[in-house]
Amino acid sequence: MNAVAAEGVWKFYGDYPALRDVILHAEPGACLALIGRNGAGKTTLLRIIGGFSKAGRGQVRIFGNDPRETGTRRRVGWIGHGISVYDELSALENLTLFGRLYNLTDPHKSAMEWLERTGLDRVKDGLVREFSRGMRQRLAVARAFLHQPSVLLLDEPFTALDDRAIAVLQRLLREALAEGRTVVMSTHQLREALELATHVALLNRGKIAFHGERTAQMVADPGWVYAHYDEA
Amino acid sequence: MDFFRQTLVIARKDLRAELRTKEAINASLAFALVILVLFSFAFDPLEEQTREMSGGLLWIVFAFAGTLVLNRSFAREVPNDCLDALVAAPISGAALFMGKALANFVLVISVELVSLPVFGIFYNVHWTSQIWSLLLVLALGTWGLTVIGTIFSALTVNIRLRELMAPLLVYPMLIPALMSAMKLTMDLIAGKPLGGENEVWLRLLVAFDVIFTALSLVLLETVLVG
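Top to bottom, those sequences are chains A and B.
Numbering of the first sequence is given in our numbering, commencing with residue 1 and proceeding in unit increments.
Numbering of the second sequence is given in our numbering, commencing with residue 1 and proceeding in unit increments.
Extracted from the complex, chain B is given alone in its bound form:
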């Protein structure tokens, strides 16, 4: 019971702090929207080929925009040595990780949910035809992105060039999750349902989320204290 209570305390704290400053979410949202709009001018949105690659484009934008939020996750604890207070507090590393991951998930998925309609308009894509399946893929892909981003944010928190190092470490780790999310999103936008041919990608995405969530829950204490 303590785990869930502590998780919520950390998540609420992070969300409250971010909503007061809007440092990460503004940058992330602006980045996502600008890239989507700029790319729409580079392609002809009426062509079938554009629609086929648009799922991939969407996840590249989400991954880059998400990193702007995720980088801040533990970096937020650096001013005033707030991380010390969290490490000293009687909460488990798992609760600290889950609280931070939950707050990051809410922020990243908010950016994505704002970006989706913009994507639909500028790329002439009917993304609502399989909306529940798409939201499921979005949630699974975003959770994978969040988990990896949060743990690497902790890993690089004491590195001077963390803004550079975190993305360098995060993107290679994300390749399986991003590949799955891209493939599933492309299929859904093309009107193919989940299951059948693309089930293997869905399984890969779920497995990625489960494995890296479990690893991160176990490893955070070691990452922070040694």
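Just chain A, same shape as in the assembly:
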């Protein structure tokens, strides 16, 4: 069974089709890099996969289930454009809050563990609004990984990250992939993404222009997919 499957997905904004008959899948343990130019529909597709909005036509399945089912949501981790943590709460309070929402056995312990793994344990009681951008991003990463999701959906995860945060995220993603978790990430940072990816999908004006395994050629020349499959 596919970890993530999009079957004939269409999405309309008014009359404009932002996604056109998208067919996509990712097997358990795969890392799918979703690439495409601005406005190609990457974020729209990820948001439908994550259950944040509904497809106009077609359907999305995560391990065969609807993304909005409670059991499915428990298995999905999300990093979007925003950090999705509260400025008014401390780092520890934020992670404990999400630990409780995901019904973890010991939310405080899990929160402490992820603060350590992301190098934020020394500032656990500091309010997020006092954090630097890099620290905030690392906290967002900790929040997404906190409940050990089977599927990670990452929307431009490397954008605006400092070197340390990129290193933390790459390490955690490698560990997640080694543990058999599935990663779907949209990105413009081809080099970082293609290093991790096992598969690549190129979106062009809402349509899948290429979907296949990542090859050594793509890593050597990150612009290769665009050069061969993207209609400018």
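Calculated from the structure, these hints are not laboratory results.
Pair by pair, the computed Cβ-Cβ distance ranges are: (1) B:L161 x A:G8: 32 to 40 Å; (2) A:N65 x B:L169: 31 to 39 Å; (3) A:G71 x B:R20: 31 to 39 Å; (4) A:M112 x B:R20: 15 to 23 Å; (5) A:D21 x B:E221: 22 to 30 Å; (6) A:T159 x B:L161: 26 to 34 Å.
From the three backbone atoms N, C-alpha and C, an ideal C-beta is built for every residue, glycine too.
Take the given structure of chain A and dock chain B to it, following the hints.
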């Protein structure tokens, strides 16, 4: 059991965040107190007529001051895209709504409980004569206000002019609840007990609360995700 636990987690989060910033509650309390004090200078508080209309005045102040708190309810989730994290979390829309409504209720009723003694002093009204009945009406009216304010806060969360749109949508919806609460409050302040003549207003207020709470619990998921 999950529903109640998740409701409390959301309510505690909202209350903690508000108590740290005091953005909404300070504005709401200041608004309520200033309006009550200013209006007391416009009327002669010794006259019977003033006491008769004071219940209405009280609820108009509560409705406007309450909106300042309620507008912030889902708007608080917009910075950093926190709403995405809540929508992605395995909690029901009903628990999310109830948690937010509960936190809003605590904040709005706190403002009201501070405003009541000020109202009594400046309008020379003996509002404590039927205090338990008055608190019941206050709770029912505030719950109605909270439910409508919370659901419309969710509905307008992605609208750029939400601070303008939410009150425009909320006040017309609130008319039955506000009318009931005003009438009951006026009667209680005038020394009439609950029941008898005003029972129909009490029933209307309870029905309003029950119907809109049920609708909101069912609809929040659709409002947020479509």
